[in-house]
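Based on the provided sequences and hints, a complete structural model is requested.
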Amino acid sequence: MQTQRSAGVGLGLALLSAATFGTSGTFARSLIEAGWSAEAAVAARVGIAALILAVPTVLALRGRWHVLRANLSSIGVFGLLAVAGAQVGFFNAVRYLPIGVALLLEYLGIILVVFWMWARHGQRPRALTLAGSAAAMLGLFFVLDLTGDGGFDPVGVLWGLGAAVGLAAYFVLSARVDERLPSVAMASSGMAIGAVVLLALGAVGALPLRATFGDVTFAGERMSWLVPIVGLSLVAAVISYVSGIGAARILGARLSSFVGLTEVLFAVGIAWLFLGELPVPVQLLGGALIIGGVVLVRIDELRPAPAPAGDVAAVEQRVLVG
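Note that the numbering used here numbers the sequence shown so that position 270 is 256, with each residue one more than the last.
Note that these hints are calculated values from the structure, not bench results.
One or more of the hints may lead you astray.
To be verified - Estimated spans, in silico, between C-beta atoms of each pair:
hint, residue 1, residue 2, range
1, Phe260, Leu37, 25 to 35 Å
2, Arg106, Phe260, 34 to 44 Å
3, Val281, Asp164, 26 to 36 Å
4, Trp104, Val41, 32 to 42 Å
5, Ala105, Met209, 44 to 54 Å
On a predicted model such as this, the values are computed, not experimentally measured, just so you know.
Cβ coordinates follow ideal geometry from the N, Cα and C atoms, glycine included.
See below:
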């Protein structure tokens, strides 16, 4: 019963993370249409979020600063790959590829998690996980509704695959970090590192950092630029990262990564609600496939792992002796 309750909490956190991550596109669009570069919006998002989380991080680490010091290397990799790397890769990919193609390449990170757990930890995916992988990726293709025939620039493909590595790193590192390190500390420290990296890349001219500070149009209304900034930093960063790390710790990297696919569904729904972008039937079909894939993976996670041959023989021997 306790295990089922924990799994339910983990699933709820994963869905909350996916839903709040899914708001980022709607918030960012108002800034970008007002003259912001996408990279500047990302830097503001993670930088402000890191500052917001600084106080609860200090409170959570009272008497446990040694835990933070012991995990600095993991946090550094998280900030570089899962925060800065994923977003730098994606935004560079869209310079060369259609946005839908770049996003599809990034979400190949979901599949990378399965094969990483197989190659690194010997967790060979079973038939249901493989079926769930296929269904989820097919569903993602339909949800993205890739009807264009844009060219595949090899440079853009490499950047997109770099974003996929960053996304896989987010799920894997969230699940493997020291359990003594509070989720809020992991999120805050990782985003601080990510913000510093993005600002440094902007300072040397590797990324364009451009911002304006007038009114913007959001959900059809004129309002201060601070509204989408608060949404990006508080909703799409603070809540999403903290809940996502907590979900990965409970569910594990593989399952939390598949639940994370629902971010696309939430993003479509939020865009429909605020921007009037109505999903087409093929996207609804894709949503059903994604949910079906998540269910298959969840069922497979709940199945007991087969005992090694040596263990089976030992059990049989004990039965014979008894």
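Verification of the supplied hints:
| no. | hint | result |
| --- | --- | --- |
| 1 | Phe260 to Leu37: 25 to 35 Å | holds (26 Å) |
| 2 | Arg106 to Phe260: 34 to 44 Å | holds (40 Å) |
| 3 | Val281 to Asp164: 26 to 36 Å | holds (31 Å) |
| 4 | Trp104 to Val41: 32 to 42 Å | holds (40 Å) |
| 5 | Ala105 to Met209: 44 to 54 Å | holds (48 Å) |
Hint compliance for this structure: every hint is met.
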